[in-house]
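Produce the entire structure from the sequences given, and follow the hints as far as they go.
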Amino acid sequence: MTETATRRTTPAPPATGGRRRWISALGEFVRTDVLATIVGLVAAALAWQLIALAAGASWLPTFDTIARRIGDLLDDGKFRSELVHSVLSMLIGFALAVVVGVAVGMAMGMSTLARYAFSIYVDVLLFIPPVVVTPVFFAIFGLSNSAVLAVIFIFAAPIIAATTKAALMNIDRDIVDAASSFGASRWQLARLVVFRAALPMIFTGLHLGIGRAVKGMIIGQLIIAVVGIGAYEARFEQAFDSAGLWSIAVLVVVVAVVFSWGVQFADRVVNAWAYVGRRQ
Amino acid sequence: MSSFAWQPGETKARELSKTMNPTTQAGVSASIGTGPHIDVNRVSKSFRPSGANGRGDDARSVVALQDTSFEVGRGEFVSVVGPSGCGKTTLLRMIAGLSSVDAGHIFVDSKRISGPGPDRAVVFQHASLLPWASVVDNIAFGLRLRKIPKSERTTKACELAALVGLSGFESHLPGQLSGGMQQRVGLARALAVDPQILLLDEPFGALDEITRRLMQDELLRIWSGTGLTSVLITHSVDEAILLSDRILVMSGRPGRVIEEVPVTMRRPRERGMERTPEFVDLREHVWELLSGQPAAQAND
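Protein sequence lines, in the order shown, are assigned to chains X and U. Under my numbering, read the first sequence as residues 1 to 280, first letter to last. Under my numbering, read the second sequence as residues 1001 to 1300, first letter to last.
Among these hints, one or two may not hold up.
Unchecked claim - Here's a subset of chain U near chain X, in silico, CB distances under 10 Å, partners left out:
(1) 1097
(2) 1145
(3) 1171
Claimed, not checked - Label pairs and their in silico Cβ distance ranges:
(4) X:116 / U:1152: 39 to 47 Å
(5) U:1152 / X:128: 53 to 61 Å
(6) U:1048 / X:128: 36 to 44 Å
(7) U:1099 / X:30: 47 to 55 Å
(8) U:1152 / X:133: 50 to 58 Å
(9) U:1152 / X:131: 52 to 60 Å
(10) X:19 / U:1048: 47 to 55 Å
(11) U:1100 / X:19: 41 to 49 Å
(12) X:116 / U:1048: 19 to 27 Å
(13) U:1110 / X:262: 56 to 64 Å
Claimed, not checked - Coverage of chain X stretches by chain U, computed from C-beta distances (three or more under 8 Å per stretch; other residues unrestricted):
(14) 171 to 178
(15) 263 to 276
Derived from the structure by calculation, the hints contain no laboratory data. We put the CB at the ideal spot given by N, CA and C, even for glycine.
What follows is the structure, encoded as C-alpha cells:
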C-alpha cells in the first residue's frame, strides 16, 4: 500500500533502534553543542587578547597572562584541592536541589492541593535574590561547607521546581487520555506517561538550575571567604590581584560549561527521542 | 451490483462469517439474537464552564446529550454522525469510560460501565502515541499495563504492526511517521489488547483525502477479519455508509438519536459502491436528516 506523507515531504529516515538513537543523539550533541561552545570560547579568548592589548589597562590583563596564571594555580596542590572541594560542593548542592525541586514540582503539577501549598514559597524564592537569604544560612550553619551547600540549594531548587511544575501542567493531555483508556492506574499514568512526557522540559529546568548552582557556589564561598576557590577570590580581591581574579572567573566559566555539558549530555541520552529528526 | 438485504439471525451470521476469522465467527453466531453488546439507556451529559469565580457556573451549563438511547449488537459496525457540537465525542468517551454519565446508564454485556475496561479500546482522532516510544512499544502499551511479559508483548506487537502494514517500521518513533502511519499504529494499539469493542473517534479526521480512503480500506479489511463490535464517530456521511451496518443520526445540541438508518448493502464493501443507487439514496437520506439540524454556536 502506498502512503501519502501528510507530515513530511521527504522520505522518513532509516529505522533507528533505541541504542542507535542514543549514539546518533550523542554524535549530534558533540558536533553542535560541544564544538559550538568551544568555538565560541576560543573566539571570546581571541577577542579578549586583542582588547586587552589595545587597552593596556592593569585591570584587564591579556588572556595569555591569565592562562599562565591559571597554570600556576593548577600546579598548586592546595588550590587543586580547593577546586575539587568547590566542585564537589556544587554537585552535592545541585543533586539535593534536583531531588527536592523535581519532587516539589511534580507534586505541584499533579495535585491542586500541593500547588496551593507550595506555589507561594517557590515564587518568593524565585523573586527574591537568593543572596538576601544567604546570611540566614550562615547564622544557622556557621561559616562552614554546610552553609555553602544550603546556598547552592536555594539558588537552584526553586527554578527546578517551577520548571517541573510547568512541564507537568503542559504535557499533551491527549496522550494521558489515551493511556487512561487502556485502564492505566494513577501510578502507572504518573510513572509511564506523565513523568516521561515532562522530562524534556524538566531538563530545561536542570539546565537553568546548574547555572544558578554555580553562581550559588561562588557567592557562598565568597561570603564565607574561608573555603573553596571563593576563598582565593576574596584573597585576590583584597590584594588587587586582577590576573588572579580573572583567572578564578575563567575557571568558574570552564566549570559552568563542563557541568552544562553534563546536563545536556544527560538530556540527549534520556530524551534522545526528542532530538531525532529535528534537523530534517 | 446486487444489494444485500439485512437478514437477522443465522443468515446474517453466515454472511458475516465468510469474511471473518474462525475465532470470532462462533461468537457472532451465538450472540446475534441475544442481548445488545452496548446498551446506551437514556443518557444525559452536561458541562459547566467555569464562571468568573473559577467554580462551575450552573446558569451557563451546556447540555451536550439529553435522553440518548440506542443499542449496538455484537459484531455490529455502527457509525454516529451529527452536526458539530452535538455530543458525538462525548458519547464515545462515556462508552469508553473516560467521562461520567450525568443521567441514565451505559451497559456493556449487561454490566453497567463505570470506567475504562479491558473489553473496550479507543482509536483517537489524533493518534496520541507516546512520542518517546517506538512503534512496537506504542502498540504494546496496553499489554505492558497488564504486565504481559516483554517477549510476549513484543511478538504480538510485531504481528499487529504487520497486520496494519507497518512491517519494517517497528523501531521508528512517531515523529518519523506520517499521519496515516501514526493512525495505523493507533489502530494496532487498540487491537493489541484484544478488545471486544472498538471505539473510533473520527480516526481519519486529521488525514488528507487520499490517506483517508486508504485507511478506510484498511479498517474494512481489519474489521472483516476480526468482526469486532465497533462504534465510529465521523463527520463523513460517505465514510459512515461505506463502513457501517447502521448509522445513528444525531440531532444538534442537546444531542439525541433522531433516526437509526440501516445500511443494507452487501459485504464486503468495495470502492465503486459509492456510485450505486442504494448508496446515493442512503447519502441523500442521511443528509436530509442532518440538514435540518443546527450546528452548535461558539457562544452557546
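Outcome of the hint check:
{"no.": "1", "hint": "1097", "verdict": "holds, 8 Å"}
{"no.": "2", "hint": "1145", "verdict": "holds, 5 Å"}
{"no.": "3", "hint": "1171", "verdict": "holds, 4 Å"}
{"no.": "4", "hint": "X:116 / U:1152: 39 to 47 Å", "verdict": "holds, 44 Å"}
{"no.": "5", "hint": "U:1152 / X:128: 53 to 61 Å", "verdict": "holds, 55 Å"}
{"no.": "6", "hint": "U:1048 / X:128: 36 to 44 Å", "verdict": "holds, 39 Å"}
{"no.": "7", "hint": "U:1099 / X:30: 47 to 55 Å", "verdict": "holds, 48 Å"}
{"no.": "8", "hint": "U:1152 / X:133: 50 to 58 Å", "verdict": "holds, 55 Å"}
{"no.": "9", "hint": "U:1152 / X:131: 52 to 60 Å", "verdict": "holds, 57 Å"}
{"no.": "10", "hint": "X:19 / U:1048: 47 to 55 Å", "verdict": "holds, 50 Å"}
{"no.": "11", "hint": "U:1100 / X:19: 41 to 49 Å", "verdict": "holds, 44 Å"}
{"no.": "12", "hint": "X:116 / U:1048: 19 to 27 Å", "verdict": "holds, 22 Å"}
{"no.": "13", "hint": "U:1110 / X:262: 56 to 64 Å", "verdict": "holds, 59 Å"}
{"no.": "14", "hint": "171 to 178", "verdict": "holds (count 5)"}
{"no.": "15", "hint": "263 to 276", "verdict": "holds (count 4)"}
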